[in-house]
Amino acid sequence: MTARDPSNSDGSPHLELQDLRKEYSERVTAVDGLSLSLSRGELLVMVGPSGCGKSTTLRCIAGLEDPSSGHIRIAGDSVVDRPPEARNIAMVFQNYALYPHKTARQNIGFGLRMTTNLPGETVRERVEDAAETLGITDLLEKKPASLSGGQQQRVALGRAIVRDPDVFLLDEPLSNLDATLRSEMRTEIQTLQRELNVTTVYVTHDQTEAMTIGDRIAVLRDGRLQQLGTPMSCYHEPANRFVASFIGEPSMNLLECQFDRPNRSFEGAVNYPADDELATAAAAATSPEVTLGVRPEVPTLFGPEADATGPTFSGTVDVVEPVGERSFVYVTLESGPQLVVATTGGAPVREREPLRVAVPRDGVHLFDGVTGEALRHPARDERDRPVPSGAD
Amino acid sequence: MTEDHDRAEDGGSGDSYDGARNRPPRSDGGTAEEPAAGGSRADGGTTSASGTVAERLPGAPLEEARDALADTDRRLLDAVVYGLYAVAMLFFAFPVLWIVSASVRPQGELLTFPFRFIPQEVSLTAYQRVFREGMVTWLFNSTVITLVGVGSIIAVSVPAAYAFSRFRFRGRRQLLGLVLLFQMISSIIIIVPLYSVMTTLGLIETRVGLILLYVGIQTPFSIWLLKGYFDTIPEELDYAARIDGCNRLQTLRHVLLRPIAPGIAVVAIFNTVFLWSEFVLAYTVLGSERSLYTISIGVYEFQSQFGNDWRAIAAASVVGMLPLVTVFIALQRYFVKGLIKGSLKGE
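Protein chains in written order, with UniProt numbering: chain A, 1 to 392; chain B, 1 to 347.
Hints were generated in silico from the structure; no laboratory data involved.
No residue lacks a Cβ here, since even glycine has one placed at the ideal position from N, Cα and C.
Hints may be right or wrong, so weigh each one.
As the list claims (entries may be wrong) - The list that follows gives simulated cross-link-like pairs (lysine to aspartate or glutamate, EDC-like), each with its CA atoms no further than 20 Å apart:
hint	chain 1	residue 1	chain 2	residue 2
1	A	102	A	125
2	A	102	A	128
3	A	142	A	128
4	A	142	A	129
5	A	102	B	236
6	A	143	B	236
7	A	102	A	138
8	A	102	B	235
9	A	142	A	125
Claimed, not checked - From the derived model, a few chain B residues whose C-beta atoms are all more than 10 Å from chain A:
hint	residue
10	90
11	205
12	220
13	250
Stated by the list, open to error - Here are the in silico distance ranges between beta carbons for each label pair:
hint	chain 1	residue 1	chain 2	residue 2	range
14	B	65	A	180	44 to 54 Å
15	A	128	B	159	33 to 43 Å
16	B	329	A	135	41 to 51 Å
17	B	159	A	113	49 to 59 Å
18	A	178	B	234	46 to 56 Å
19	A	78	B	234	56 to 66 Å
20	A	78	B	151	37 to 47 Å
21	A	26	B	159	23 to 33 Å
22	B	93	A	180	48 to 58 Å
23	B	182	A	371	52 to 62 Å
24	B	85	A	180	44 to 54 Å
25	A	26	B	191	41 to 51 Å
26	B	93	A	132	23 to 33 Å
Taking the hints into account, I'd like the entire structure generated from these sequences.
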């Protein structure tokens, strides 16, 4: 997908979080100094493992939780002191949270009835408009229990769009759906979001979902922002070891090594001779401890006798995971660590067979072994470059 | 089965398959259909074919016998179970039926020898006496006290249970424990201090006093029960309501009240039964004010130191029972469903 230009038309951020903190007690800090800004109509995905503070952040934006400190601004106005209904946001929950005793029509119209003084006829029209947009007009008189998961999801979306909100907040909206429906709804949400041009924060723990749906993604861990950027920049230029391992499926191979400066080589999980560029990058590390990062598509597999470019390691195939046009080959190197290598689906690789793995130097990421910060990324094609943005 | 036969007839790689077939113990019902396959096998290894035949010939009658035996066993088990049901039913129903029977007997025919369950002659004089003595007043008092009492209990315990389930305030757990503790104190034990407190407050011999007492005594249990129901409702529903512009009270009213309706029904029925038939507190509080007597005190009226009018007691009990039975039958669907749900998912 192409990244939309996050620097919006009027230049000012539409939704802005500034140094947001949420502490539940002295020991539990759910969100730790989070700053983000979204331009109007942008879709930002917050992704991270469970407990990383993404849902808490969303609830803070919604007004369901009070942040301990920090600012939340929507269209330039601080909303921290406003109740949820006065923030003009709409939220879709993982379990949809439809009111079980109300029909789809009542579910969608409830918010309008509670927050506005619109006449019944107008509410009716708006509910029907929303239902038409989502293709659920014939379900309006049904109650949630008699709707399928996908239909419930649509009603929940209807409840969100009927109020014409400034900001959409989606909390893992697809997790309760099966795989086929999930990709269908994913596209639908994307299309809807674009058509309505509503600033959207989308929370998920699924990095594939994050990569495919977001204009930009914010990777969170332990309440801290790890990286904010386009999906491609997070993939190709992960800010640290965590982002590197979290984004990408299968995740990046990480090899713990020490940099041996006199010999200009990495020793440890693998013995890997460095070139000038790697050596310079490794010299900037806080200690000799570094981590080499290799995406599965970087190494190539060779038979025992073929020639290869770049340093080569001997190993044995543990498992081959064919996924169609590609296969993932898990190779245990003689020096100990296991590497995942992506090959073409038809590659003649068999389990328990010895082979060699070539790891070209220009595909190697380097991370500081102590801080985990990235020291060096492989060069990328220009077309993959992230759109320059102040927030990155 | 058919598929397997096809495979066997294809021959060739059937070795391991035959091996499997030769396993002697076959208790599944499919065995009887197999000889055709065994016999029609052209290539068939002799051992396997003879094995199967030898295994099957005596097999069929044996299985029939086994089936017959199992059938008898099942019937016997059914009979025992239904017998036990009948005994239990009789055990619970007898007192009720006996009271109905006693209430319609003519005077002097209460205890006859030999024992007769169904009276020879039906007389309604006991009912006449009961209504002459003030049954209508008692029914009225019981109805008022039960309706207002149960209504008040629900009005107090629903918001309280909501708060305990949803609000995270300091001392929440301790307070919940305290509520449970109050539930454990028998009201009979504190009846003397209660009496003096109520006298001081001027609540003795008033319906309000009795209702307040009932609310106080029954609320803890009701809070716990309802909290269990609230806990089963996902908190996202509250969030959704708040985003839709509800405050806490509106959330409770518009969004949560309906999903916990089965719980409220359970609380209502349970407390109705208790309040309707409660005697000790009612007798203590209402004392000698005859115009305030409830049905349970009314029944007691026919018992005196000079003799008990058992027929009248029975008749009053039957009349007192009827409203409860009606309510229970009307709401039993909720009652059973609610009880099961609460006990499975409650905290």
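- Message: Tell me if the straight-line CA distance from residue 102 (chain A) to residue 235 (chain B) falls inside 20 Å.
- Response: 17 Å, holds
- Note whether the CB distance of residue 159 (chain B) and residue 113 (chain A) lies within 49 to 59 Å or breaks it. 23 Å, violated
- Could you check the hint for me, namely that residue 78 (chain A) and residue 151 (chain B) are 37 to 47 Å apart, CB to CB? Since the Cβ atoms of residue 78 (chain A) and residue 151 (chain B) sit about 45 Å apart, the hinted range of 37 to 47 Å holds.
- Hint says 56 to 66 Å; check whether the CB-CB distance for residue 78 (chain A) and residue 234 (chain B) agrees. Violated, at about 30 Å.
- Item | Proposed proximity, residue 125 (chain A) with residue 102 (chain A) (alpha carbon, max 20 Å) | This hinted pair holds, its Cα atoms lying about 18 Å apart.
- Cβ distance range 46 to 56 Å for residue 178 (chain A) and residue 234 (chain B), holds or violated: Given about 20 Å between the Cβ atoms, the range is violated.
- Does the structure keep residue 142 (chain A) and residue 125 (chain A) at a Cα separation of 20 Å or less? 18 Å, holds
- Task: Mind checking the hinted window 44 to 54 Å against the Cβ distance between residue 65 (chain B) and residue 180 (chain A)?
- Result: Between residue 65 (chain B) and residue 180 (chain A), where Cβ atoms are some 53 Å apart, the hint holds.
- Consistency of beta-carbon spacing, residue 191 (chain B) to residue 26 (chain A), with hint 41 to 51 Å: 48 Å, holds
- Run the C-beta distances from residue 205 (chain B) to all of chain A and say if the shortest one exceeds 10 Å. The claim stands: residue 205 (chain B) keeps its Cβ more than 10 Å from every Cβ of chain A (closest is about 44 Å).
- Message: Minimum C-beta separation from residue 250 (chain B) to chain A exceeding 10 Å: can you confirm that?
- Response: About 7 Å separates residue 250 (chain B) from the closest Cβ of chain A, which leaves it inside 10 Å; violated.
- Using the C-beta atoms of residue 329 (chain B) and residue 135 (chain A), is the stated range 41 to 51 Å upheld? This hint holds: roughly 45 Å between Cβ atoms.
Taken one by one, the earlier hints fail for this structure at numbers 13, 17, 18, 19, 26, listed in ascending order.
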